[in-house]
Structure formats: structure tokens, C-alpha cells
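As a plain string of letters, each chain reads:
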Amino acid sequence: METDYGGFKTTKFDSVVNWSRKFSLFQYPFVTACCGMEYMAAACSHYDMSRFGAEIPRFSPRQADVLWVVGTITHKMTPILKTIYDQMADPKWVIAFGACASSGGFYQNYSVLQGIDRLIPVDLYIAGCPPRPEAVLDGLIELQNSIQNDGPTANGITPTAIRHKDQKADQLNRYFEISKKEVFENLQNPKSNRISKPGFTYSEDFINVSPHIGYDSPRMQKDKAALKEK
Amino acid sequence: MSEEISTKETGTPPETGELTTLLKQEFPDDVTDFHAHRDDETVVIKRDALEAVCRFLRDDTRCSFEIMMDLTAVDRLEMNETPRFEMVYHFKSLTHARRLRLKVRLTEDDCKIASIHHLWKAVDWYERECFDMFGIVFEGHPDLRRILMYDEFEGHPLRKDYPIDKQQPLMELKEVEERHVYGRHS
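Residue numbers (our numbering), protein chains in the order written: chain A, 58 to 287; chain B, 15 to 200.
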């Protein structure tokens with residue numbers, strides 16, 4: 058075949074396979090809590106997850122590629138989640154959607170699993186309580202990058218956040234800026250029902266009420282420093 | 015300021031509502047305490063009288079409490095109250111459009127109480143929940159086992175002496191790097 062480009066194109070076989078995988082992610086939504094609302098918002102027409110090839114939720118784990126663990130997982134639920142994960146055919150990926158799935162969230166009590174990565178390997182953590190649809194889509198794109206560059210992760214915890222370190226650090230900063238701005242505007246909005254008293258203003262310090270949590274926490278600072286070193 | 019507290023402070027006798035009067039009249043030996051707050055009456059009765067009082071509340075036309083709204087327990091360990099447990103029953107009457115709160119106090123050593131599942135069917139699962147969370151035994155219940163927690167779970171998580179973050183995993187879990195550097199352990 059004669060073309061302007063010389064007739065043929067060389068590539069790696071893995072690259073082609075990964076390319077096809079990343080744009081045909083069949084999802085298994087394991088929805089247990091309020092994060093499901095944001096998942097639905099991200100999947101429905103307004104944000105339209107199908108633009109990224111992740112169109113059809115499959116309610117059989119045999120047909121699914123990505124396990125979305127959306128919401129709080131209790132200890133009573135752990136055998137079920139493990140079974141679902143084991144039933145999925147390789148290659149498979151797991152997304153921890155929101156604070157509860159990632160770390161137990163604010164449920165540090167007798168019943169809740171403190172992060173699904175204690176049970177099954179997780180490829181991607183999406184922060185938020187619940188995450189915004191933009192964050193969900195960003196996470197999905199991040200997973201696609203991960204699939205293209207690294208292929209499927211069979212075993213072990215391989216958080217994308219560490220592999221795509223620079224991108225992720227920028228993302229985290231961006232998320233923080235966006236959420237801070239949004240919260241701030243929401244609080245300043247006189248129509249917002251959060252303001253009950255006239256003349257009551259929130260300082261910026263109010264948002265960073267706890268120095269121990271969030272993206273500016275000592276833990277996150279440490280992570281960022283570690284990423285920069287690498 | 016609620017009426018309950020104000021009456022306690024001033025020392026005046028608490029307001030007796032219509033239902034309280036009725037119950038005191040019908041069960042003079044069994045009503046140990048009572049108060050009313052904004053027309054919602056609360057009556058504290060002795061444990062052994064529960065079944066008779068509940069039957070009266072359901073069947074008597076002056077009461078007609080058709081609905082058992084809620085049933086739970088309170089662990090008053092950290093309130094330094096004795097006896098330790100307090101059962102709380104909420105009833106609603108559609109006929110008379112009013113509610114009643116019934117309380118029964120149980121000691122820690124002998125936290126058993128008669129089941130009233132034969133009076134209201136809804137009681138069944140509430141009593142199982144209460145047993146699961148507080149370890150209160152409902153005598154006569156047809157199927158008293160855990161309803162929320164799994165069978166392997168030991169103890170009763172809503173008791174105040176249950177360690178607040180003690181977990182009993184069902185599956186073997188992998189240790190991950192500690193993320194909870196903040197919070198109550200720091």
C-alpha cells in the first residue's frame with residue numbers, strides 16, 4: 058500500500074492492545090452509599106461518561122473490566138466485595154470512589170472497613186466526600202493513561218497517583234483550588250442557606266479549619282515532597 | 015428551657031397529662047415516674063408491667079395506640095445513672111392523633127424484658143436490632159438473633175463500654191500504610 062507516509066506504521070503490540078482496552082472499559086458499579094449519586098451524575102447525560110469509552114455498566118462481574126467501589130464498605134460487606142472482585146475476568150481494574158472506599162472516611166467505628174485496599178488491590182483513588190463528577194471523569198482519564206502506559210496491574214497496590222507523580226501532584230493542587238474557590242463562593246452567596254445571620258462572613262481560615270486533614274495536611278505535604286524528590 | 019427541666023429546678027410537681035392520669039389510675043403500682051413536654055407524655059413503668067400496660071394501650075378505646083413507632087434502648091453508663099439501661103417505646107394513636115413514650119429501666123445484671131411482638135408485628139425486627147446493638151434479651155421473642163451485625167461479631171457495639179473503634183473483620187485484611195495520622199489517635 059502506497060501512502061504519503063511510506064505505506065506502513067510500526068508500533069508495539071502492547072500499545073495497540075492497551076489502547077483498545079482503555080477505550081472500552083465496561084464498568085461494574087458496586088454502589089453502596091451516597092457516592093452513588095455522584096456516580097450517576099457522572100454517568101448520565103450531563104457529564105456523560107460514555108464520551109470516554111466507559112459507557113455501559115455491566116451488572117455481571119464476568120463482563121466487567123473496572124470495579125467501581127462507590128461508597129462505604131462495611132465488614133459485613135467484605136466477603137461480597139471480595140467475591141465480586143474474584144469473579145471478574147482479567148485484565149481488571151479497581152477504582153476506590155470517594156473517601157469511604159479509599160480510607161473509611163469519617164466512619165472510624167465498629168462496622169466499617171478502613172479502606173478497600175486492605176481487601177483488594179486498588180488502581181485509583183478518587184478523593185472527595187463525595188467526589189464531584191469532574192473529579193470522577195478526571196479519575197477515569199487518569200486510569201486510561203495508566204492502562205495505556207503500564208497495562209493491566211495484576212496484583213499488588215499500584216496507585217496511579219505515584220506512577221504519574223507530576224500529573225497527580227498538579228491535579229491535587231488543582232482540585233484543592235477548585236474546591237476551595239467553590240466553597241468560598243458558596244459561603245459568600247447571600248442566597249445560600251448556610252448563611253443565617255446577616256453580616257456574617259467566613260474567613261479563609263474557616264475553610265482550613267483543621268490543619269490535620271485535607272490536601273494541605275502534613276501527610277499530604279510529606280507526600281508532595283516525596284514526589285518532588287523523585 | 016424545657017418544661018421538664020424547669021419543673022425539676024423549681025421543685026413543682028410535673029404536669030400530668032391525660033394519658034398519664036389514665037395509666038396511673040389503671041396501674042397505680044406500676045407507674046414510677048412521668049413527665050410531659052409540649053403535650054408529649056412520657057411514662058416510666060416497672061418492667062414486669064410492660065406486657066399488661068402495652069396491651070391496655072393498644073386495646074383500650076381511650077388509648078387506641080395502633081402503631082408502635084419505635085423501640086430502642088439507652089445505655090446510661092456514662093451518664094452515671096442507675097439502673098444502667100433504659101428501654102424506650104414510642105406509640106402513636108391515629109384515632110386520637112397523639113403519641114406516648116413509655117420507658118422501662120433495666121439493670122445491667124438482669125437486662126431482660128418481655129417481648130411485645132405479639133401485640134404489634136413491627137416489634138419483631140426492632141427487638142432484634144435492640145438485642146444486636148445493646149444485648150438486651152427479649153423473653154418470648156420467636157427469633158432473637160442479630161439483625162445488623164454478622165453472627166461472628168462478639169459483643170454489642172452500641173454499649174458504651176464497647177471500644178469505640180474496635181473492629182472485628184470478617185475477611186483477612188492486608189495491612190496498609192497508616193493513613194489515619196489525624197483524628198482521635200493523634
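Simulated from the structure, these hints should not be mistaken for laboratory data.
Every value quoted in this text rests on a predicted model; they were computed, and no experiment measured them.
One or more of the hints may lead you astray.
As the list claims (entries may be wrong) - Using 30 Å as the maximum straight-line C-alpha spacing, the simulated DSS-like pairs for lysine-lysine come out as follows:
(1) B:LYS126 - A:LYS133
(2) B:LYS188 - B:LYS174
(3) B:LYS117 - B:LYS106
(4) A:LYS133 - B:LYS106
(5) B:LYS106 - B:LYS126
(6) A:LYS281 - B:LYS117
(7) B:LYS38 - B:LYS126
(8) B:LYS180 - A:LYS133
(9) B:LYS174 - B:LYS126
(10) B:LYS135 - B:LYS38
(11) B:LYS135 - B:LYS60
(12) A:LYS287 - B:LYS188
(13) B:LYS38 - A:LYS133
(14) B:LYS188 - B:LYS106
(15) B:LYS135 - B:LYS106
(16) B:LYS135 - B:LYS117
(17) B:LYS188 - B:LYS60
(18) B:LYS38 - A:LYS285
(19) B:LYS188 - B:LYS117
(20) A:LYS279 - B:LYS188
(21) B:LYS135 - B:LYS180
(22) B:LYS135 - A:LYS279
(23) A:LYS133 - B:LYS174
(24) A:LYS139 - B:LYS180
(25) A:LYS139 - B:LYS117
(26) B:LYS106 - B:LYS180
(27) B:LYS60 - B:LYS38
(28) B:LYS60 - B:LYS180
(29) B:LYS188 - B:LYS135
(30) B:LYS188 - B:LYS126
Unchecked claim - A few chain B residues that face chain A, going by a derived Cβ cut-off under 7 Å, partial list only:
(31) ALA50
(32) ARG160
(33) ILE161
(34) TYR164
(35) PRO171
(36) ASP179
(37) MET185
(38) LEU187
Where is the CB? At the ideal position from N, CA and C, for every residue including glycine.
Original post:
For this structure, which hints from the list above don't hold up?
Top reply: Those not satisfied are hints 4, 6, 13, 14, 17, 18, 19, 21, 22, 25, 26, 28, 29, 30, 31, 32, 33.
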